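> As a plain string of letters, each chain reads:
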Amino acid sequence: MANQTLAHSFRESPILRPSGLIVLAILTATVAILTVTGSRITLSLLAQATIISILALSVGFLARTADLISFGHAAPFGLGAYGTALVFQHGIPAEVGIWLVLVAVFALFFLIGLVVGKLNGIAFSMLTLALGQFFFVAISKLRAITSGADGLTVSLPRSLFGLPGRTYQTPDGMFIIAAVILAALVILIYLFEASRTGRLAIGVRENEERVLFLGYRTKILKAAVFATSATIAGVSGVLFALYQGFVSPEIVHWSFSGNALIMAILGGSLAVWGPVAGALVFFFLREWLSDLTEHWLAVLGVILIAVTVAWPGGMTGVAKVLRARISGRGRKGGGK
Amino acid sequence: MSFLFRCENIGKTYGGVVALKDVSLNLESGQVHGLIGPNGAGKSTFIDVVSGRTPGLGRVFFEDREITGISPSAMRRAGISRSFQRTSIFPALTVRDQIELANHGAGGGNTDELVEMLGLGAVLDTEAEQISYGQQRLVDLALALVGNPRVLLLDEPAAGLSAPESAVLSGHLEEIAERWNVAVLLVEHDMDVIFRVCKVLTVLASGRFLVQGTPADLRNNPAVIEAYFGSTA
Numbered sequence: 001m002a003n004q005t006l007a008h009s010f011r012e013s014p015i016l017r018p019s020g021l022i023v024l025a026i027l028t029a030t031v032a033i034l035t036v037t038g039s040r041i042t043l044s045l046l047a048q049a050t051i052i053s054i055l056a057l058s059v060g061f062l063a064r065t066a067d068l069i070s071f072g073h074a075a076p077f078g079l080g081a082y083g084t085a086l087v088f089q090h091g092i093p094a095e096v097g098i099w100l101v102l103v104a105v106f107a108l109f110f111l112i113g114l115v116v117g118k119l120n121g122i123a124f125s126m127l128t129l130a131l132g133q134f135f136f137v138a139i140s141k142l143r144a145i146t147s148g149a150d151g152l153t154v155s156l157p158r159s160l161f162g163l164p165g166r167t168y169q170t171p172d173g174m175f176i177i178a179a180v181i182l183a184a185l186v187i188l189i190y191l192f193e194a195s196r197t198g199r200l201a202i203g204v205r206e207n208e209e210r211v212l213f214l215g216y217r218t219k220i221l222k223a224a225v226f227a228t229s230a231t232i233a234g235v236s237g238v239l240f241a242l243y244q245g246f247v248s249p250e251i252v253h254w255s256f257s258g259n260a261l262i263m264a265i266l267g268g269s270l271a272v273w274g275p276v277a278g279a280l281v282f283f284f285l286r287e288w289l290s291d292l293t294e295h296w297l298a299v300l301g302v303i304l305i306a307v308t309v310a311w312p313g314g315m316t317g318v319a320k321v322l323r324a325r326i327s328g329r330g331r332k333g334g335g336k
Numbered sequence: 001m002s003f004l005f006r007c008e009n010i011g012k013t014y015g016g017v018v019a020l021k022d023v024s025l026n027l028e029s030g031q032v033h034g035l036i037g038p039n040g041a042g043k044s045t046f047i048d049v050v051s052g053r054t055p056g057l058g059r060v061f062f063e064d065r066e067i068t069g070i071s072p073s074a075m076r077r078a079g080i081s082r083s084f085q086r087t088s089i090f091p092a093l094t095v096r097d098q099i100e101l102a103n104h105g106a107g108g109g110n111t112d113e114l115v116e117m118l119g120l121g122a123v124l125d126t127e128a129e130q131i132s133y134g135q136q137r138l139v140d141l142a143l144a145l146v147g148n149p150r151v152l153l154l155d156e157p158a159a160g161l162s163a164p165e166s167a168v169l170s171g172h173l174e175e176i177a178e179r180w181n182v183a184v185l186l187v188e189h190d191m192d193v194i195f196r197v198c199k200v201l202t203v204l205a206s207g208r209f210l211v212q213g214t215p216a217d218l219r220n221n222p223a224v225i226e227a228y229f230g231s232t233a
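These protein sequence lines are chains X and R, in that order. Counted from 1, the first sequence has number 240 at position 240 by this note's numbering; the numbering is strictly sequential. Counted from 1, the second sequence has number 125 at position 125 by this note's numbering; the numbering is strictly sequential.
Since the hints were derived computationally from the structure, they do not count as laboratory data. A quick note: this is a predicted structure, and the numbers were derived from the prediction, not measured. Careful: at least some of the hints might be erroneous.
[To be verified] In silico EDC-like pairs for lysine to aspartate or glutamate, Cα to Cα no more than 20 angstroms straight-line:
#1 R:K199 x R:E66
#2 X:K320 x R:E127
#3 R:K199 x R:E178
#4 X:K118 x X:E209
#5 R:K199 x R:D217
#6 X:K320 x R:E129
[Said to hold, decoys possible] The calculated label-pair distances, taken between Cβ atoms and stated as ranges, are:
#7 X:T308 x R:S206: 48 to 54 angstroms
#8 X:S290 x R:E129: 38 to 44 angstroms
#9 R:T13 x X:V321: 46 to 52 angstroms
#10 X:G91 x R:P55: 51 to 57 angstroms
#11 X:L191 x R:D125: 52 to 58 angstroms
#12 R:G40 x X:L191: 45 to 51 angstroms
#13 R:T68 x X:K219: 18 to 24 angstroms
#14 X:I122 x R:H189: 47 to 53 angstroms
[To be verified] Covered stretches of chain X (in silico footprint by chain R; criterion: 3 or more residues with CB under 8 angstroms from a CB of chain R, positions within the stretch not fixed):
#15 187-200
#16 205-212
Even for Gly, the Cβ is constructed at its ideal location relative to N, Cα and C.
Sequences and hints are given; from them, build the entire structure.
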C-alpha cells in the first residue's frame, strides 16, 4: 500500500497534470522569448523577478503546507544576503561559507519555530512581523558587523561554484542560475508533498489534534516546515546578494516581507507554482505601472484589492476554476 | 477481577461549574461499554479527560499501569485510541493516504483488513472531502482502529448517520469488539445502536454517576427514565 500511495501521489502531483504542464510550458516559452528577444533591462528584471519569486515561493510554501502567513520572511532573506556578504568580506571560502549561512538560517529558524509553532492565525503573523522587525533593527544598529544603513558590498571571487564570478552579476547569467535553482526547489517541494512527511504536514495543517491522537508528535515537524520555508527565503537572499553586489537594511524591512506576501497572495497557494507566477506578474506589473504614473503604488493597490476580492485563490484559484470548466465540458462532450 | 482500562474518580470543572464529578468506570477486552445520559451529562467530557485531550481530575490505568496525564500521542502508541464527536479526518488527503498516515503513527498492521471490513475499498483513492458523510464517519472510525488498539473510546460515532448507516455501524462495532478483542467505550445518543452493541451501560446525569447495569436492566429503570425525561410518569 505504501509504494502504491507514493506512486499515486506523484502521479497526481499538479505539475504532472495537463494543466500543470500547460502552465509550465507557457512560463518556459515566455521566459525563452524574453531571454532571446528581450532588452538588457528586461533580462535584468527577469533575473530579479526570478530571485524574488524564490522568496515568494518560501512564503507560499509555509502558507500551503502549514496554513501560516508570515509577515517576517524578509528576515531569513536578509540573513541569507548579509551572511553571503560577510562570507566574502571575511575571506571565508565561499563554497563552504554560503552553505554554512543556509545551515545557520535553518538552525536559527528551527529554534524560533519551536516557539512560534505553537501559534496559529493572526497571532503567528504578528509574531513573525515582530521578529522580522527585530532583525531589521538589529542589522541597522550592529554597525560594526553590518555597516548599518551604509550596507555591505559583495565582492565576488574569480570563480564560484565552478562558474566565473562575473556570471552571477550579469542578467542572463543570474537569470539562468536563479531559474535552475527555482525549478529545483519547486520539484523538491512537489516531492516533499508526495512523501509521507509531506502528507503528515498536510495532516497537521488540516487537523493537528487528530494527528496527535494518531500517535505523532507535531512540534518538531512544524518547526522543520517553518525552518525549511525560512531557508528557501535564505537561498533567495544569497542569490540577491550575489546579483546586486550590495546589501542594505531595506531588504530586512517588513515592507519587503509584505511584498513577498502580496506576490504569494496574487499567485495563490492552491498549487506550488502560484507564488512564483504571482511574483513574476507583480514584478512586471510594477515596472509597467511605474512607467505610466508616479502614483503606481495606489494603482497596484487597487488592482491587488480587486484580484483578492474577485479571486481569493489568486492565479491558482483561477486556474482551478478554468480546469474544472474545461474538464466539465470535456466530460459532457464525452458523454454525448 | 483485573480490568484492561480503569478510570477512577474522573472529574472536570470549568471555572466554578462542575461538569463531571467522581465518575469511575472499567473496561474489559472484547466488550462494548456504553456511556449514556442526557445532553450535558458529561459523557464527552469524560472521554476528553481520560484520553488526555483536556486536563481533569482522577486517575487512569491501562493494564494496571497508571497512565494519568500522558500525552495523546503517547496514549495512542500505548494502544488507546479515540474518535471525536465531530468527524475528525483530513479532507484534502485521499482515504488511502490518511489510513497510511494513521498506520505509520500507530505502529500499523491491520489496514487491509480494516478497509475490507468497513467497505472503503471503492473510495481509497478519493479525497475525503469528496466522499459521503457516512463514508467519512467510517474513515474516522478506520483512523481510530488502525494499529490494532486495545482500547477504543468512541464519541458519538453514529451522529448524523441515517438509520441504515447506523445499523451497519453497529455491526462493525460488534465485530471490532469480538473479533479483535478490543475494549470499547461508546458514547452515543442513538439508543438502537446502544442497545444492540453494548453489554454494559453506565448512565451519567448532570456530571455524576447515576447507575450501571446491562441494557436489559436499565431499559425500564425509573432513575434513567427520569434523567432523560425529567419524570418517570
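> Next step is simple, just say for each hint if it's right about the structure.
Tested hints:
no.	hint	in the structure
1	R:K199 x R:E66	violated (25 angstroms)
2	X:K320 x R:E127	holds (16 angstroms)
3	R:K199 x R:E178	holds (12 angstroms)
4	X:K118 x X:E209	holds (12 angstroms)
5	R:K199 x R:D217	holds (11 angstroms)
6	X:K320 x R:E129	holds (16 angstroms)
7	X:T308 x R:S206: 48 to 54 angstroms	holds (49 angstroms)
8	X:S290 x R:E129: 38 to 44 angstroms	holds (43 angstroms)
9	R:T13 x X:V321: 46 to 52 angstroms	holds (50 angstroms)
10	X:G91 x R:P55: 51 to 57 angstroms	holds (56 angstroms)
11	X:L191 x R:D125: 52 to 58 angstroms	violated (20 angstroms)
12	R:G40 x X:L191: 45 to 51 angstroms	holds (49 angstroms)
13	R:T68 x X:K219: 18 to 24 angstroms	holds (22 angstroms)
14	X:I122 x R:H189: 47 to 53 angstroms	violated (36 angstroms)
15	187-200	holds (count 3)
16	205-212	holds (count 6)
When the structure is compared with the earlier hints, violations turn up for hints 1, 11 and 14 and for no others.
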